[in-house]
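A.B. asks: Go by the hints and put chain B onto chain A.
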Amino acid sequence: MIAASLALLVTTLLGLPIVRWSDPGAPISRTIGAAFLIGTGIVTLILLSLSLAGVAWSLTIFFAIAIVVEVAIFFITKSTPRPRPIFRATLLLFIPTIIILIAYARFATAVAPWELDFVDNWGLKGRVFALHGGIDFSFLRIGWYWWTHPDYPPLLPLMFDFVSLFSGGWEARWLGVFNVAFAVAAMLIVSSLIIEELESVAAGALAAFALVFLIATPWIGIADGPLVAFLLPGALMIRRRNITHGALLLGCGALCKNEGLAFIAAVAIGMLFDRELRPKILRLWPALAITAPWLIVRATEKLATDLAQGSVLTRVSEHFQHVETYALLLKYVGGRPMMWIGIALTVVVAARQWMRERFLLVAVLVQTCFYLVAYVVTPLDLAFHIRWSWDRLVWHVTPLVAFVAIVTALPLAMRVATAAPSGRGGAEAPLAPP
Amino acid sequence: MQWRVWGARAAFLLVIAGAFQPFYLRMLTPAHDAFARQVANLPFRKTPGLHEFMEGVRAHTAPGERIAIAVPFTRWDGGYAYAYTRSTYVLAGRWTVPLVDANDRPLPRNLETADSIAAWRVDATVRGFVPVWRGKDGVLLRRQR
Chain A
1 MIAASLALLV TTLLGLPIVR WSDPGAPISR TIGAAFLIGT GIVTLILLSL
51 SLAGVAWSLT IFFAIAIVVE VAIFFITKST PRPRPIFRAT LLLFIPTIII
101 LIAYARFATA VAPWELDFVD NWGLKGRVFA LHGGIDFSFL RIGWYWWTHP
151 DYPPLLPLMF DFVSLFSGGW EARWLGVFNV AFAVAAMLIV SSLIIEELES
201 VAAGALAAFA LVFLIATPWI GIADGPLVAF LLPGALMIRR RNITHGALLL
251 GCGALCKNEG LAFIAAVAIG MLFDRELRPK ILRLWPALAI TAPWLIVRAT
301 EKLATDLAQG SVLTRVSEHF QHVETYALLL KYVGGRPMMW IGIALTVVVA
351 ARQWMRERFL LVAVLVQTCF YLVAYVVTPL DLAFHIRWSW DRLVWHVTPL
401 VAFVAIVTAL PLAMRVATAA PSGRGGAEAP LAPP
Chain B
1001 MQWRVWGARA AFLLVIAGAF QPFYLRMLTP AHDAFARQVA NLPFRKTPGL
1051 HEFMEGVRAH TAPGERIAIA VPFTRWDGGY AYAYTRSTYV LAGRWTVPLV
1101 DANDRPLPRN LETADSIAAW RVDATVRGFV PVWRGKDGVL LRRQR
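If you read the sequences in order, they're chains A and B.
Residue 196 in our numbering sits at position 196 of the first sequence; the count goes up by one each step and never skips.
Going from the second sequence to our numbering is simple: count from 1 and add 1000.
Among these hints, one or two may not hold up.
Unchecked claim - Label pairs and their in silico Cβ distance ranges:
no.: 1; chain 1: A; residue 1: V323; chain 2: B; residue 2: V1122; range: 37 to 43 Å
no.: 2; chain 1: A; residue 1: F166; chain 2: B; residue 2: R1075; range: 26 to 32 Å
no.: 3; chain 1: B; residue 1: Q1002; chain 2: A; residue 2: R387; range: 42 to 48 Å
no.: 4; chain 1: A; residue 1: P293; chain 2: B; residue 2: H1032; range: 38 to 44 Å
no.: 5; chain 1: B; residue 1: R1105; chain 2: A; residue 2: R283; range: 22 to 28 Å
no.: 6; chain 1: A; residue 1: F75; chain 2: B; residue 2: R1037; range: 30 to 36 Å
no.: 7; chain 1: B; residue 1: D1077; chain 2: A; residue 2: S311; range: 38 to 44 Å
no.: 8; chain 1: B; residue 1: R1105; chain 2: A; residue 2: A265; range: 36 to 42 Å
no.: 9; chain 1: A; residue 1: F74; chain 2: B; residue 2: R1037; range: 46 to 52 Å
no.: 10; chain 1: A; residue 1: S5; chain 2: B; residue 2: D1104; range: 45 to 51 Å
no.: 11; chain 1: B; residue 1: Q1002; chain 2: A; residue 2: L295; range: 49 to 55 Å
no.: 12; chain 1: B; residue 1: L1013; chain 2: A; residue 2: A308; range: 42 to 48 Å
no.: 13; chain 1: A; residue 1: L330; chain 2: B; residue 2: D1077; range: 21 to 27 Å
Unchecked claim - Facing chain B, according to a computed beta carbon distance under 10 Å, are these residues of chain A, among others:
no.: 14; residue: L50
no.: 15; residue: L52
no.: 16; residue: A53
no.: 17; residue: G54
no.: 18; residue: V55
no.: 19; residue: A110
no.: 20; residue: G123
no.: 21; residue: F139
no.: 22; residue: I142
no.: 23; residue: I341
no.: 24; residue: A402
Claimed, not checked - Reference listing, derived: stretches of chain B covered by chain A, where coverage requires no fewer than 3 residues with Cβ under 8 Å from a Cβ of chain A:
no.: 25; stretch: 1038-1052
no.: 26; stretch: 1079-1089
I should point out that these hints are in silico values taken from the structure, not numbers from a laboratory.
Just so you know, even glycine gets a beta-carbon here, dropped at the ideal spot from N, CA and C.
Same shape as in the complex, but just chain A (with noise of 0.2 Å):
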C-alpha cells in the first residue's frame, strides 16, 4: 500500500507544473485531478523511453529524466497563476458522492484485481515488464502470446509497474487503487467544470452524484475505468475551449488504450460540427504527439493488431451470414434502462439545449460507429465478442452523455433555486459553454 501510495503521489507531482501551465487559474481540486491524470502520461513515457534506450528501469535512473523533464517544463511554462482554493463548504454539500467513492475504494482493493483481463493482458504484462526491468518486446512479439493483444497502448500496466520501482518487485495486492485514483480524478475535474458551468455549488453536487456510479467502473485492474478518467475530462474541456488541456487528456488516453486513439479522431469529427471549434482543430496536436511513440514503437516492433489481420473483407462477409447476431448488442447494452429513460426525458424537456450540444454528441455517436466497425471486421466469434466486451464500450461513452442530460436538465430542475436575472441558470438560458 505504501509503494501505491508513494507512486499515486509522485504521479500526480510530476503532472502538476504541466497543468499549471495548460489549465491556468483552475481550482486546487481540479488541478490535483489533471495532475495525476498527465502525470501518468508522463510517467508512462519516461519508462517507455527507457526501454527503447534499452536501460534497465530503476528508481534513480526514473527520477533522474524526471527532474530534467520537469526542470524544461517549469521553464517552458513558468509564470503561471496559482491555483484558485476550493471552499470547505463545498465539501459538506460533495459528502454522499466521497461516500460511493470510499465504498469504492474498499470495492476496488478488496484483494488483488480478480478480472480475467488483468490476469491475462494488462496485469500480466505488468508483471512481465516488472520482472524484465523494462518493456520485454520480446514477450510482445512472440506469437504463442497474441491473446494478450500486444498492441495495446502500455500506460496501464507501466503504472503498474511504477508500483513495483518503489515496492522493489512485483505486488498486485493493491493495484486496485489505480481504478479508485482515476475515478477520484476524473470526479474532481468534472465536478469542478459544472459547478462552473452552472454557477452553483449544490448543482455540482448533484451532478457529481449522479456520475460517479459511471465514472467508478466496476472492471478492477483493466484499463476501461483509466479510459473513462481520460475522455471525459478530456472532451468536457475541448467543449470548454480549452483545447490544448482536452488534447493532452486525450493523448494519455489513446496511451492507455486503442479506443482512446479513435476518440482522438471522434473527437476532431465533433469539432467540425461545432463552429467556434472547428478553426481549432489543429491544436489537437498535443494528443498525436503524445501517443506517437507508442504508434512508432508498434509499427517498429510490428505488434500485432488483430482487428487489422488476415482478410477483412472474408471477415465481414462471414459476419454478415449471420446478421442476427448483431441482435446481441441489444442483449448486452449494460442496462441502467432506468437512467436511459431519464436521459431520454431531459431530450424532451430541454431538446433546444441538446442541439447546443452537437460537439459532444457527434463525438460520442462517431466513437460508437467505431466500436460498431470492431464487431463487423473482428476476427473473434462475434457473439463471444459481443458478450464480452459491448457493455464495456458503451460504458466509455455513457458518461459524456449523462453529462448532456444533467447540465441540459439540471438548471430547469433547480430553477426555483438558481434563476438568476441574468438566465444564466435559468430554464430559458441558453446552456452554451463558457
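C.D. replies: Coordinates of chain B only, in the frame set by chain A:
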C-alpha cells in the same frame, strides 16, 4: 412552462436512480469480507488447484525457463486457453509453451523447445523428461541432460 421544470426534475431523478449502484455501499458493511473471499481466487475458479500447482512450479523453475503447459484439455476454448493464460500469469518471467493452438491443433513439436513440462492432472510420462517436483495435482518434469 411548468411541465418542463417538473419533467427535468423527474428526468434527473431517473438518471440518478438508474445510475445508482447499491452494491458499492455494501462494501461499507461486513459483506465486504465475504466479497473479498469470493473474488480472491476468481480467475482460477474453474480449475481448482491449478493456481497452487503453478505457484509450486514457479518456485522450482528459474527465470527464462521454457515450460510446456500440459493440462487435461485438448481444445483451446474448451479449457486449454483458460489454464494456459492463467498459468502464464503465475509463471511470468518464464516462457510458457503452448501444446494446443487456437484452432485446437495439438502442438507436440513445441515440446522440443521446452526445458520443462508443468503437467497438471495429466499422465506425466514423457520420454526425455524426468520428474523433479511433485505437487498435489501435478508434476514438474525437466529435460534430461
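A.B. asks: Please go over all the hints and tell whether each is borne out by the structure.
C.D. replies: Here's how the hints hold up against the structure:
no.: 1; hint: A:V323 - B:V1122: 37 to 43 Å; verdict: 41 Å, holds
no.: 2; hint: A:F166 - B:R1075: 26 to 32 Å; verdict: 42 Å, violated
no.: 3; hint: B:Q1002 - A:R387: 42 to 48 Å; verdict: 45 Å, holds
no.: 4; hint: A:P293 - B:H1032: 38 to 44 Å; verdict: 41 Å, holds
no.: 5; hint: B:R1105 - A:R283: 22 to 28 Å; verdict: 52 Å, violated
no.: 6; hint: A:F75 - B:R1037: 30 to 36 Å; verdict: 53 Å, violated
no.: 7; hint: B:D1077 - A:S311: 38 to 44 Å; verdict: 22 Å, violated
no.: 8; hint: B:R1105 - A:A265: 36 to 42 Å; verdict: 38 Å, holds
no.: 9; hint: A:F74 - B:R1037: 46 to 52 Å; verdict: 48 Å, holds
no.: 10; hint: A:S5 - B:D1104: 45 to 51 Å; verdict: 46 Å, holds
no.: 11; hint: B:Q1002 - A:L295: 49 to 55 Å; verdict: 54 Å, holds
no.: 12; hint: B:L1013 - A:A308: 42 to 48 Å; verdict: 45 Å, holds
no.: 13; hint: A:L330 - B:D1077: 21 to 27 Å; verdict: 25 Å, holds
no.: 14; hint: L50; verdict: 19 Å, violated
no.: 15; hint: L52; verdict: 21 Å, violated
no.: 16; hint: A53; verdict: 22 Å, violated
no.: 17; hint: G54; verdict: 18 Å, violated
no.: 18; hint: V55; verdict: 19 Å, violated
no.: 19; hint: A110; verdict: 4 Å, holds
no.: 20; hint: G123; verdict: 7 Å, holds
no.: 21; hint: F139; verdict: 8 Å, holds
no.: 22; hint: I142; verdict: 8 Å, holds
no.: 23; hint: I341; verdict: 6 Å, holds
no.: 24; hint: A402; verdict: 6 Å, holds
no.: 25; hint: 1038-1052; verdict: holds (count 4)
no.: 26; hint: 1079-1089; verdict: holds (count 5)
In summary, the structure is inconsistent with hints 2, 5, 6, 7, 14, 15, 16, 17 and 18 from the numbered list given earlier, while agreeing with the others.
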